[in-house]
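Chain by chain, the residues run as shown.
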Amino acid sequence: MDNSGPQSTIGDSEAGSKTKPGSRNLRSDNKTVTFGDAAAVRSLPWWALAGAIFVILLWFLATTAWGFPSEFKAEVDAQELMTAQSDAEEAGLAIPSSTHVSDRDYYRLCSLADDAQCDVDGFTQIVSPLTFPSPSDTWNASTELFTDGYRNVSIWKHIWASLWRVMRGMFWGCLVGIPLGLAMGLSSKARGFLDPMVEGFRVIPPLALVTLFGLIFGIGDSTAVPLLIFASIWIMIIAARAGVRNASLSKVRAAYSLGATKPQLLRTVLIPNALPEIFTGLRVALGVSWGTLVAAELFGVSTGLGAMIQQAKNFSRLDVIVVAIVVIAVLGVAMDAIIRLLEAIFIPWQGKG
Amino acid sequence: MKQLVVKNLDMVYELPKGDSVHALSDISFELDGGRMLTLLGPSGCGKTTLLNIIAGFLGPTSGEVHLGGDKIVGPSRERGMVFQQGALFEWLSVEKNISYGPRMRGQKSAEYGLEVERLLDVVGLSGFGSKQVYELSGGMQQRVALARCLANDPEMMLMDEPLGALDALTREKMQGLILNLWNDTGKSIVMVTHSVEEALLLGDTVFVMAPRPGRIEKVYELPFAKAALTGDSREIKNSKEFIEVREEVLSFIWEMEEEIMGREMA
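These protein sequence lines map, in sequence, to chains A and B. For what it's worth, the numbering used here labels the leading residue of the first sequence as 1, then goes sequentially. For what it's worth, the numbering used here labels the leading residue of the second sequence as 1001, then goes sequentially.
The shape of chain A in the complex, shown without the other chains:
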């Protein structure tokens, strides 16, 4: 029938697998121009792994102080064990057979000790363990946090408190922002009315409003959630507005000439057409929300990763702070991955038009 029949479209995926079995090098597909061919550049998995290892290695090298005398370490270990055992005996708990001493404690005791052998100034180090926890200290802190929690509060409770705040902020930001954005894309009156608010408010960093919101809404969640709504709503308005503006005139006209009414046009053409922009907005808003949240939690809340960081700061538990930071990074990446998965499900046509 059609010369450009189904073979040509289905064939695309097959063409990829038909590459010569021997050609391992991706760049050697008879291309003479390779350097500067931006479309051929991708993130190779092994190199990504190497990059991650590089970061951890750098961290390890920078924060590990070399050269503790082993006699000194043994002495500290023995002392710590004795203290722990006597503490346990007094409290009537099971007597531990070993304790863990952190690099930080060795370093601190070493610098305090009146011991000629233990001279911290002679150690090879870039960052002192007192300033930044080493990977091993962080690892130990994380096992402690995930089993016992921090200061009798499970870390899962902190994580959930933060997640729940982000989700509430994003939910209300979307629920109010997307319809307003659609209205701005569809009506000149709505655009004129809302433009000054959107343009004026969206440039205000949410953190500048912490104090003000605290006075208005009271401290705690009643400030954190409105702050997150403030952080996401303008982004969602602008995303939805851009999505509507993107609708091609021929699609709109086609729908009208097929007999669609205005509400039908909105539901079946304009909103689906705006989905790619709305999803992009979601991803941006999510990033901004996390940034705002942790800072907002530094004031007046008792749970949440930001609050945990604040408490850990008061007790100089830098290792706990680093664990919290890593947890935030993992949560952010995970939520972004979920949105990208939803994108693949809901807007499979993106980039294929």
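Don't read these hints as lab results, they were simulated from the structure. Certain hints may be false.
[Claimed, not checked] Think about it this way: if two alpha-carbon atoms lie no more than 30 Å apart in a straight line, the pair counts; the simulated DSBU-like pairs of lysine-lysine are:
#1 A:K251 with B:K1108
#2 A:K189 with B:K1017
#3 A:K262 with B:K1108
Got chain A; can you put chain B on it based on the hints?
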């Protein structure tokens, strides 16, 4: 089939700096139901404007358009439109695209299902109903657009360079398909095209338009469309009569283009 009546149509676009463009000037014609009209002319002659006014997307500055005695005031499913490309809904499958009109009228799949199957067969896409639009080639997408228009059973089909984005071979096949649809359904078709050959082959009436102000300069009544239904279209395109008309129209359009260029240079 209903008669299309265009009466004293004038269209003036106001430009921001106080200039204005006289896109259409005093256009009047009547087109009986079941005719195939092709609009031809250099760019800026107002052929797409005329099509958009007939579709109801634009209101004329003055004048009226009637279809079967009813004045056209806006888009309606009576006048289906086929666009050059990009007017299909990517978020819907081929089937859902074709059944869009019936579904907007509240029909259930039991009512339109068979019709969609039949139309898929008519445009040569049997078995492609559940595919996604973006999985199809350009030619196949235009077949879907034709089927979507037909599913609404319009009085008249309007086409804005429907084959403009296709390669030459696909284009020739699609011209055959449009001719067959025209013959089988008996619907009126108004088509805008840039290709002189396409306009002369498909149109049983051809308007050659001129710009500034946009007007109908020549009207041809041609036998080629009817002949192409039964005969070989390539033979017709090589016939003496066809070449004669083609050269006449081409040199006419060429002169107009030269004149425009001259006017702009001056």
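Outcome of the hint check:
As the CA atoms of A:K251 and B:K1108 are separated by approximately 23 Å, the hinted pair is consistent with the 30 Å bound. For the hint pairing A:K189 with B:K1017, the CA-to-CA distance comes to about 24 Å; that is within 30 Å, so the pair holds. Proposed proximity of A:K262 and B:K1108 is supported: the alpha carbons are some 20 Å apart, at most 30 Å.
Violated hints: none; the structure is consistent with every hint.
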